[in-house]
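J.: Sequence:
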Amino acid sequence: MIFTISKFIAGLFGWDISVVQKRVLLALMILVVIAVIVSGLWIRSCLVRPAKLNEKQIQKAQKAIAEQDRKEMVEILAESELGEKKINANLANAELEKLKTLGEARKKAHAMSNDELAAELERRLNQ
29 MIFTISKFIA GLFGWDISVV QKRVLLALMI LVVIAVIVSG LWIRSCLVRP AKLNEKQIQK
89 AQKAIAEQDR KEMVEILAES ELGEKKINAN LANAELEKLK TLGEARKKAH AMSNDELAAE
149 LERRLNQ
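The sequence shown begins at 29 in our numbering and counts up one residue at a time.
Since the hints were derived computationally from the structure, they do not count as laboratory data.
Do not rely on the hints blindly, as some may be mistaken.
With a Cα cut of at most 30 Å, we get these calculated DSSO-like pairs of lysine-lysine [stated by the list, open to error]: (1) LYS84 x LYS99; (2) LYS88 x LYS128; (3) LYS99 x LYS114.
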């Protein structure tokens with residue numbers, strides 16, 4: 029393909045084919061780089077970002093911005109931060125609860141005899 033394009037351009041303008049081949053190859057590499065960059069930006073723009081504000085907060089924020097109500101704007105931002113912190117805290121609490129439950133289950137299992145362990149496993153397999 030490069031040779032065909034280079035041959036056509038060289039014949040059209042009367043240039044040396046080796047120089048034209050190098051330039052066509054360079055142009056194709058530049059086009060590939062541009063295509064990769066554009067594709068990456070396009071894919072990145074399609075990713076859904078989680079909303080930082082809920083619908084009620086968005087409406088309050090638009091009203092506060094229109095009215096230049098600094099106190100309300102500060103309050104909305106604080107509520108948003110609080111919501112994010114609550115989500116993070118819930119995730120941390122869930123992890124802590126998981127570890128606590130796992131520890132209790134291990135203690136309970138260590139206290140059982142082999143027959144009790146086998147019976148419990150059989151019971152859970154048959155559920």
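J.: Now, for every hint given, state plainly whether the structure supports it.
T.: For each hint, the structure was consulted:
1. Using a Cα cut-off of 30 Å, the hinted pair LYS84 and LYS99 holds, with the two alpha carbons roughly 17 Å apart.
2. Only pairs whose Cα atoms come within 30 Å are accepted, and LYS88 paired with LYS128 is rejected, the gap being roughly 41 Å.
3. The straight-line distance between the Cα atoms of LYS99 and LYS114 is roughly 22 Å, inside the 30 Å bound, and the hint therefore holds.
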